[in-house]
Amino acid sequence: MELELLVASAIGILTAAGMYLVLRLRTFPVIMGVSLLTYAVNVFLFASGRLTIAAPPILSDTVQYTDPLPQALVLTAIVISFGMTAVIVMIALGAYLGGSNDKVNDPDAEEQS
Amino acid sequence: MMHWIIAPIILPALLAPFIVLAARYHIIIQRAVSVAGVLALIAISAGLAWQASDGTVTLYQLSDWAAPFGIVIVGDRLSTLMVLLTAVLALFVLLYAIGSRWDKRGWHFHALFQFQLMGLMGAFLTGDLFNLFVFFEVLLIASYGLMIHGGGNLRLRAGVQYVLFNLIGSTLFLFALGAIYAQTGTLNMADLAQRVAMIDATDTAGIRIAAVLLLLVFAIKAAIVPLHFWLPSSYAEAPAPVAALFAIMTKVGAYAIIRVYTLIFPPDAGVTMGLHTIWLMPAALASLALGMFGVLAARKLDRLVAFSVIGSMGMVLVAIAMFTPAGITAALYYIIHSTLAAAALFLITDLVRAGRESLVLTAMPPISGAALTSALFFIAAIAMAGLPPLSGFVGKLLILNAGLGTSAAVWIWAVVLGSSLVCLVGFSRAGAVLFWKARTINAEENEEPAPAPNALSYAAVSGLLVLLVAHTVFAGPAYSYVEHTASQLFAPQPYVSTVLDTPGKLSTPAKEEH
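Just so you know, the sequences run in chain order A and B. The first sequence: position 67 = 167 (our numbering), numbered continuously. The second sequence: position 388 = 1389 (our numbering), numbered continuously.
Bound conformation, chain A alone:
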């Protein structure tokens, strides 16, 4: 029971912190927020196959086993979110170095022209 509480609250706190950061105005906190959100979702996916301790992720003679599929899903999700975060960091750096600031909102009308 303690394990469920720990994992659930970890997901909740990560998501809440991630959402807060995503709603900031500048790219750095927003990217941090997206990273936290992806950590939260990775743990969430991992927990979607139920939490089991000290059991092999494969069907064997033993009765107890861990669902292996969420682990495969998490691996895919980690790889994708890692790659995507790298891409957004590069694009955000390009936008920051080329422009005068690192805000994420639409440029003002006078900036646009």
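DSBU-like cross-link-like pairs, simulated, lysine-lysine; straight-line CA separation at most 35 Å:
(1) B:Lys-1301 / B:Lys-1438
(2) A:Lys-203 / B:Lys-1301
(3) B:Lys-1105 / A:Lys-203
Hints in this document: simulated from the structure, not taken from any laboratory.
Use these hints to put chain B onto chain A, whose structure you have.
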């Protein structure tokens, strides 16, 4: 087992690395390979569509693993129709990109273009929800590269918004998938269709949340109000051929909504009761109204076209949200129309740029090639606004007709007709300022006129408009095809049994040998 069904995914997946590795510095070879690849794609997808046209569901089990243990590729009428539409659109977009030299303004345009096609084709063909997520990511990461193709501050900044919004959307998608897996223990669409129906009616909280999360994800992709904020800047700042290709990306969201909410959560299912009528329909009507008001309010031509995309997605979703065979039929007809019309308008936006310093809707000296460009704009605007005689009008009639019997009939008629008027005024104003008023302004004396767009660019745009005309002239056959598609969607039993009952590895448990 027939292997053609996976060819639309494999072919671009092979061509893209070939272009990067072997033809990196030879734009001519890149162009030739890219065009040849897209032509082959059209041939393959036409064959697949023809094969699916009699109602057969084609199944491809990757590595011969039986569903639901392995990933499956499924081709039914809807999938193959969308694949064919994508391939045809890709050809004209590619021709324009070559004609207008957009592909030379940055690196790797053709490779990214092929990867984008791979993601799109995969998203339409897959029969597995997690695989759908993966193909979404494939098409998104290619679109990030295409979106900032050519560089520039405004474009990079719009790119940051676009990537961030989609990253958050992907996270939401994963949350939805995790919730679905926790509730049902499977992510295969056909298997889900059976298991969701078996869920105890008293214990549906988890699956309801999952269904709503999934709808939110697809709504982000389809740019439905209030999740549309990413679209205007990204589409307006993206290079014109890329924006034209993106016209199919919003339709991926519409396709996913149709697929998931007819197959897994059918309209009469208890778990999603009220989701379409209470939430999706008002949101769709709001997108339609807001998009068309955006057309009227836009101060730049590229934003105007971007808002017309939101409006036309609203129109598609109004038809989808009815979730009747007539509604889906109308939606499919309109999807084909609005993809072609939006792509043509984005390309025309680029034609208007010839000789204008910006796309702000104020009178400036006439552009080069104004006569031909204005004629094309006139036709495309008629199509997008849904005036007779083009297919937008037919599509709108179908949607109005489908809406007659529903409880929201008054709202549908009022918003569809009202927003059409607003859209018409918006496009008329833009056309008048861009082309008519321009003639009253004289160019500066000693200024060299900008070169007119070349013949290939015009040919690509005209090709799209000819397809629109064909979509109108052959509205009868097209209608009967999409009608059959819709009826197949509302009778999913053959789909489910094809996927689950086809033998493969693991389909029969091996006998215990002790």
